[in-house]
Amino acid sequence: MEKRVVFKHPVLPYLLLAPQLIITLVFFIWPAGQALKQSVLIEDAFGLSSELVWFDNFIELFEDPLYLESMEITAFFSVCVASLALSAALYLAVQADRVIRGAMTYKTLLIWPYAVAPAVAGVLWLLLFNPTLGILPFLLRGVGYDWNAQVNGGQAMLLVVVAAAWKQISYNFLFFLAGMQSIPKSLIEAAAIDGAGPVRRFWTIVFPLLTPTTFFLIVINIVFAFFETFGIIHSVTQGGPAGATNILVYKVFNDGFIGLDLGGSAAQSVMLMGIVIGLTVIQFRYVERKVHY
Amino acid sequence: MIQTRPWLTYLTHAVLLIGILIVAYPIYFTFVASTHTLRDVVQVPMPSLPGGEFFGNYWQAVTAGLGEASGTSAVGAGRMMFNSLVMALGIAVGKIAISIIAAFAIVYFRFRFRMTAFWLIFLTLMLPVEVRILPTYKVVADLGMLDSYAGLTIPLIASATATFMFRQVFLAVPDELTEAARIDGAGPLRFFWDILLPISRTNIAALFVILFIFGWNQYLWPLLITTDPNMLTVVVGINRFLNVGDDQIEWPIVMATTMLAMLPPVLVVVFMQRLFVKGLVETEK
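Line order of the protein sequences matches chains A and B.
Reminder that position 15 of the first sequence reads as 15 in our numbering, one-by-one numbering, no gaps.
If you count the second sequence from 1, you need to add 1000 to reach our numbering.
Where hints are given, some of them may not hold.
Negatives, chain B to chain A, calculated, CB over 10 Å [stated by the list, open to error]:
| id | residue |
| --- | --- |
| 1 | Pro-1006 |
| 2 | Pro-1128 |
| 3 | Ile-1199 |
| 4 | Leu-1242 |
20 Å max Cα-Cα, derived EDC-like pairs, lysine to aspartate or glutamate [unchecked claim]:
| id | chain 1 | residue 1 | chain 2 | residue 2 |
| --- | --- | --- | --- | --- |
| 5 | A | Lys-8 | B | Glu-1179 |
| 6 | B | Lys-1138 | B | Asp-1228 |
| 7 | A | Lys-8 | B | Asp-1194 |
| 8 | A | Lys-8 | B | Asp-1175 |
| 9 | A | Lys-3 | B | Glu-1176 |
| 10 | A | Lys-37 | B | Asp-1142 |
| 11 | A | Lys-37 | A | Asp-261 |
| 12 | B | Lys-1278 | A | Asp-97 |
| 13 | A | Lys-37 | A | Glu-51 |
No wet-lab data here; the hints were simulated from the structure.
Every residue, glycine too, gets a C-beta built ideally from N, C-alpha and C.
Bound-form chain B, shown alone (with noise of 0.2 Å):
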């Protein structure tokens, strides 16, 4: 604070309140709706305090989704949200281990097409899966990768965004670190594994983080390449919910649904913040 303003820190404090509330209030009102049986739901206006049907609610959403009235719905979001946790951890784990060998590959050797290979790694920042939907889903398909947790995942593990993280940060790694570990009869691998590796750690965890959060929010494609109801994740699941033709909206299980796909990224957000943050910055460097 360069001045003292009494008045001003009051008005900063609550813009600062106003902003957290408008910010927070969908999921509030979300949250609501989740506790409540689908007839308090649809009176209007709808109750404005959480209701006593919690566990209720939760349990069928999680065990049962729609029950077995809604046919394929019947896929409870428990099943959705393993789902989604193998799908993010895949992927999040997929892309660091190629990503940081690739970037050790770039870095620490000089062989025939070093640039090629860097720049058809750049290439795939400029071809996200959105301006490629039908040809990759064909690869795909003939693969047999259809329905498949091999599927979800592996065709979104490359990563551009990895790779030149990983070459800024052992670009940053001093070449004396590197002689001595030589003169020590160090070969390459082993360098990568005592050296390099515990260098990264935390620049590991930071990307970890960014990349559980981007894995699990994925949507296009895995509704591009499940239809089997098992294989579904749980932020696509949702939307299945929703698609209930001309029978009411069981909105008490749908908000259910929603408050669980959300809260594992958020968690994350809040209990790993500083890693999150570091993550955040560091990738778009």
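This is chain A alone, in the form it adopts within the complex (with noise of 0.2 Å):
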């Protein structure tokens, strides 16, 4: 879509643009470019030179197992965090549509915890899970369970999923619910009048009517478990026990920041350009209309 009356001007929409230009220029373009040319080589201790060393640092990067762990750790946190988020946000939204006394309130007490950061629902959920202080390892102890996140992976694990889908769960549920008020009433009417109970009108015209939306939930917590729990991991389980955490961004960060390999971290991020570039592309080819029938 264009506009079909425009000013005419020689500078000042360059003028204008200027601001936004020369921040992604410098900020965005320029360190990504960076990152691109210290993938193909490799520096030496001093940074004084530098080789072309085309694909091996990516060569080098796929062989490593730890790498190819923390590709699947963060497959497994990516689906573990959107299953768990889509579903309870979805279960949560069919009831919120089905109230009508109180239903701005129970949604007013649901969406608030999008306003929490990644780390600080990380921190949150640390403190339930401690082994000493927490009440949830209080009561797992209660039936006989140990629990302790620090030295057990796949409880560490739990914890990081259980932290990330909390915060999650309101932005998923804003858009379930929205996505099923726009549903014309007029259709589950006619299938309450056929006789179809509450669950059969959810699974045969509400859920399917929610397919766009649900689809354009899928990519955006995926997006969100694969960049934006940093903080969590960070605060929470510091990538361990034993890399039982190790998600693909705290990696790069731990490698490139604190290990200061070069070389390997630029491999690393030009892998985590790719799926973000793979993911955007996703979202704007297919999820172009989302909540519109």
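Relying on the hints, combine the two individually framed chains into one complex.
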């Protein structure tokens, strides 16, 4: 869509675009280019000379069992976070769509965790699950289960999944609710007259009509789990114990910023860029229409 | 409600209440922990009702943090919250300002490299900080922007989503309005200031709410570029309070800081709910 009526001015449009473009070039495009360049170079320990090694850094990356493990962990983590956050939110949205009295209050009380930073959400659950102070390990000990996420990798994974999903439920809830409220009531009434109960109505009418919303939310949740959960990992497990929660974004930070492995870290950055580009393309190509029917 | 099924209504309310309790419980637990002495908190099980140390703990958290004994952590949450506020406002205002003028240029002018500019802005969507950590850090270090408010805000204010949102808003403005303004002798800047800005007022407000939360909750970026304790933001500061090595973690102070760190964005969501929902839906279009 384009405007028919436009203004003419020789320099003004460039001046208006300049701040956005300068920041984009200096802080986005240039560093991304540097990452691309670094990923095909090997620098000596003092950074004095560097040698073009083409794809050696990538080959090394894919031969590194720790990197492959980190990929698996990230995939597992994302699927868990997305499915938990989506199913809980959908269930709550179905209930909230049904109530008449107090609908607004319920909505308010369910959406506010959106405002909590991922790192802060992590700290909340860190306290709840703390082996000595937390209430959940205390209850679990009551039934004879020993909880210590600082040593048990599976438990640490569960902890970060719960914290991440908790934070994301409110977002999904809002979009599911909006999606459901845009479904024409006449469809549901017709099904009710034909004798379909609430459960049947949900699976045969509401859920299929929610497909665009669901698909959009799956992409958003995967992006969230991949990139925005850095704060949770950093504040709760620091990738541990023994790398059990070392997701890709945490690994690239750790290898590059703490471990100072420039080539390897740049190669990891380029891999992540590929993932973001893929997800963005999916989002814009296939998720064009979300809640319009 | 299509059919009246009393038992279903009760069940619905019950499920929603349980959902709300599960969502709110971590916060309640944190609040309780922030109102007791450390000795009470570390006993098993922790008290389940708030204690009497509310003012003492919060005062200490705001003014002194962990206190002098812990060296770098002697900066209080008050200072950190001020830093977070500056960062959140800087990011929100900066993003809106540069995006709205960029969208104005792209929609209302025809010029060379217009599509190039559009795609360059689009590229930023694909390059979050997480995928270019080291080189971006290096650029900011070379520009001498480490440990400064400029460093905390400026590298984050390029925004494809905000630019696209304003583009959508402007595209929906009828051409007749532009023609009328032109006939009345208004130049582009006059038209922007007197017509486009007032029309976009609610969109700006909605976007501001979302961006304020986004800015306040930044974690990786401030973690990278701030080392001076006086420049810490509160979300990163909590982490400093937790990492005290072998010392006993001062749970009540950490938890008071945690409560303080989430208070401003949560208040924004609760009290500006309508704008918040509008902003959330619009930035995803």
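Comparing the hints with the structure gives:
1. At the 10 Å boundary, the C-beta of Pro-1006/B stays outside the reach of chain A, the nearest C-beta of that chain being 13 Å off.
2. Distance check on Pro-1128/B: its Cβ comes as close as 6 Å (rounded) to a Cβ of chain A, failing to clear the 10 Å threshold; non-interface status is violated.
3. Against chain A, the non-interface label of Ile-1199/B holds: every CB pair exceeds 10 Å, the least being about 14 Å.
4. For Leu-1242/B, the non-interface assignment is contradicted: its Cβ lies about 7 Å from the closest Cβ of chain A, within the 10 Å cut-off.
5. At roughly 13 Å between alpha-carbon atoms, Lys-8/A and Glu-1179/B fall within 20 Å of each other, so this suggested pair holds.
6. A distance of roughly 17 Å separates the Cα atoms of Lys-1138/B and Asp-1228/B; the hinted pair therefore holds under the 20 Å criterion.
7. Using a Cα cut-off of 20 Å, the hinted pair Lys-8/A and Asp-1194/B holds, with the two alpha carbons roughly 18 Å apart.
8. With a C-alpha separation of about 15 Å, the suggested pair Lys-8/A and Asp-1175/B falls inside the 20 Å cut-off, and the hint holds.
9. Between Lys-3/A and Glu-1176/B the CA atoms are separated by roughly 11 Å; this keeps the pair inside 20 Å, and the hint holds.
10. A C-alpha spacing of about 18 Å is found between Lys-37/A and Asp-1142/B, which places the hinted pair at or below 20 Å, so the restraint holds.
11. Between Lys-37/A and Asp-261/A, the direct Cα distance comes to roughly 14 Å. Compliance with the 20 Å bound is thereby established for this hinted pair.
12. Between Lys-1278/B and Asp-97/A, the direct Cα distance comes to roughly 19 Å. Compliance with the 20 Å bound is thereby established for this hinted pair.
13. Under the criterion of a C-alpha separation no larger than 20 Å, the hint pairing Lys-37/A with Glu-51/A is consistent with the structure, at around 11 Å.
Taken one by one, the earlier hints fail for this structure at numbers 2 and 4, listed in ascending order.
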